[in-house]
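Generate coordinates for the entire structure from the input sequences, incorporating the hints supplied.
Chains A and B, in that order, give the protein sequences. The opening residue of the first sequence carries number 467 in this note's numbering; numbering runs sequentially from there. The opening residue of the second sequence carries number 7 in this note's numbering; numbering runs sequentially from there.
No wet-lab data here; the hints were simulated from the structure.
Sample of chain B residues with no beta-carbon within 12 Å of chain A, all distances over it, derived:
id, residue
1, 12
2, 32
3, 35
4, 37
5, 39
6, 40
7, 80
8, 120
9, 121
10, 127
11, 128
12, 131
Footprint (simulated), chain A over chain B, 3 or more residues, beta carbon under 8 Å:
id, region
13, 47–61
14, 102–108
15, 137–146
Note that the Cβ used here is the ideal one computed from N, Cα and C, for glycine as well.
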Amino acid sequence: MSKPKVGFYWCASCGGCEEAVVDLAEDILKVAEAVDIVFWPVALDFKRSDVENFKDREMAVCFINGAIRTSEQEEMAELLRKKSQLLIAFGSCSHLGGVPGLANLWDRQAIFDYVYKEAPSVTNPEGVVPQEQTQLGSNGYTLTLPSFRDTVKTLGQTVEVDYYLPGCPPPVKLIVNAVTAILENKLPPKGTVLAPDVALCDECPRKATKPDKLALKELKRPHQILIDPEKCLLAQGLLCLGPATRSGCGAPCVSANMPCTGCLGPTSRVRDYGAKALSAIASLIDAEDEREIAALMEQIVDPVGTFYRYSLPASLLHRRVRHGRTGGAQA
Amino acid sequence: MSSEWEPRIVAFFCTWCTYTAADLAGISRMTYAPNARIVRLMCSGRMDPQFVLKAFRDGADGVLIGGCHPGDCHYQAGNYKALRRYTLLKRLISELGIEPERLRLEWISASEGDRVQKVMNEMAETIQKLGPLRLERAPRPARAKEHEREVIEIGSQGGAR
Numbered sequence: 467m468s469k470p471k472v473g474f475y476w477c478a479s480c481g482g483c484e485e486a487v488v489d490l491a492e493d494i495l496k497v498a499e500a501v502d503i504v505f506w507p508v509a510l511d512f513k514r515s516d517v518e519n520f521k522d523r524e525m526a527v528c529f530i531n532g533a534i535r536t537s538e539q540e541e542m543a544e545l546l547r548k549k550s551q552l553l554i555a556f557g558s559c560s561h562l563g564g565v566p567g568l569a570n571l572w573d574r575q576a577i578f579d580y581v582y583k584e585a586p587s588v589t590n591p592e593g594v595v596p597q598e599q600t601q602l603g604s605n606g607y608t609l610t611l612p613s614f615r616d617t618v619k620t621l622g623q624t625v626e627v628d629y630y631l632p633g634c635p636p637p638v639k640l641i642v643n644a645v646t647a648i649l650e651n652k653l654p655p656k657g658t659v660l661a662p663d664v665a666l667c668d669e670c671p672r673k674a675t676k677p678d679k680l681a682l683k684e685l686k687r688p689h690q691i692l693i694d695p696e697k698c699l700l701a702q703g704l705l706c707l708g709p710a711t712r713s714g715c716g717a718p719c720v721s722a723n724m725p726c727t728g729c730l731g732p733t734s735r736v737r738d739y740g741a742k743a744l745s746a747i748a749s750l751i752d753a754e755d756e757r758e759i760a761a762l763m764e765q766i767v768d769p770v771g772t773f774y775r776y777s778l779p780a781s782l783l784h785r786r787v788r789h790g791r792t793g794g795a796q797a
Numbered sequence: 007m008s009s010e011w012e013p014r015i016v017a018f019f020c021t022w023c024t025y026t027a028a029d030l031a032g033i034s035r036m037t038y039a040p041n042a043r044i045v046r047l048m049c050s051g052r053m054d055p056q057f058v059l060k061a062f063r064d065g066a067d068g069v070l071i072g073g074c075h076p077g078d079c080h081y082q083a084g085n086y087k088a089l090r091r092y093t094l095l096k097r098l099i100s101e102l103g104i105e106p107e108r109l110r111l112e113w114i115s116a117s118e119g120d121r122v123q124k125v126m127n128e129m130a131e132t133i134q135k136l137g138p139l140r141l142e143r144a145p146r147p148a149r150a151k152e153h154e155r156e157v158i159e160i161g162s163q164g165g166a167r
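Printed below as a string of C-alpha cells:
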C-alpha cells in the first residue's frame, strides 16, 4: 500500500509554524518514513498546478498555517480543502486569526495608507501603492496580484476545518500527538482542538505558589520588576493569561519568567477568548472604588492587543466596527 | 410594524435589586421607553463580558447592566466584580469602534422603580442619538452551521484530552 499523502501550506503567517515542524527534530524522520509529503512550498519545490492535478481527496491530510488575508489564500484554502481528506488548522493564526488578525483594527485602505505612504521609514513621493491589475507595454498583457481583503479571517471562517492544532507555534508534543493520532486512526470527534481541555494554570510549574485568593493592587509589566522565578506570576502583579488559556504547551513562557499571552486560545466552553480573559483579570483587581478601579485598569496599556493578541478575527466582534458603512458587505 | 428604526437595548438586571425595581416600576404603572429586552441574572457579577459582545453582535444597539448599590450585593462582592469588568470592557469596546455610551452600568436598588424609568428613558434617548450599531457579519464557510453544532457537542463532552 502506498504511504498516505501529506501537504503543508502557509497563508498570512510568520514562518514560525514551519519552524515548529522542523523542531520535531529526529521525529520528523519517522514522519517522513510514514508519509509521503506531496506539497510544502516553503521547503520543497511543488507548485500549485501539482495540487490542481491531484484527484479530489487524494491527500490524506493537509496542514495549513497562517490567517486568511488575500484572495490567493482563500483560493488555496479552497483548493487544498477539496484535495484533502483531513484539513488541519495549524497554529494560532489559522486557528483564531493570530497576530496578523490584529490588523482587523484597521481596514485595507488604512493599512495601505500607512505602510506605503505614512510610515516614517517610507519614501514614496508619487504615492505608489500595489495594484491588483497592471497593463504591461503595448501587447495588452495584464499582470495581476491577489486582492488584499479588508478583514483577516481564520481558516475555519474560510473553509471547513476538521481539527485545530493551537499555539504560536503549536508545541512539538501536540504535533507529535496529532500526527500519531492520524497515523493510528485514533482521532477524536471532528472539530476538536487537539490539545488538553483545561487551563494552563493546571500544568503551570508555579501552581503551588498561587494564593487561594488572588488580589491585585497593581498591574506590572515584565520589564518593571525583578521577577521571582518560583512564585505565581499573577501573584507578582504580572498580567498572566494562564487562567483563561488552554494548556498543552508545558508552560515554557511562564517557566522563562514571561507571563502567558494566550496563544493556545480558550478551552472548549469559551466562545470569545478576549472577553473571558478580560473577565478573569478584571475580577482579580483588588479595588472597590470606581476611580481606583479605573486607575488600575489604565495600567493595561493596550486591552485589545493584550486580550485578543491571537484571536481578534475569531472573536464575537471579529473586527473593529467601521463607521459610515451600511454594514453587511464583506470586502 | 413600522419600518422606522427603533433602538434595541438588551438589559441585564440582577434579580435582587434592579429586576425587582423594574417589577416595581411596572406595578406602579410607570411608563418608560419600551426599547429594552430585560434578561434576569442572579447577580450583576454573573455578567460575563461575552454576553455583552454577543448582544452587540446579534443586533443590540445598546447594553444596560443593572446591579445592587455598592455594599448591597446579595452575594457580598458580585457588583464590584461587575464594575471591574465593565470598566475594562468599556475601554475594549471603544477600541473596537463601539461608542462607549452604548454600554452603561447602573446601580438600582429594589425600591427605585423611578430610577428604572429614568435610566431606561435616558438610555433609549442616548441610543436614538447614536443611531443603529451596524456590525458586519463574521465570515463563515458554507457548512459552518453544522460544524459549529458538532463543536458544541464535543464541548459538552469535555473535549479532547
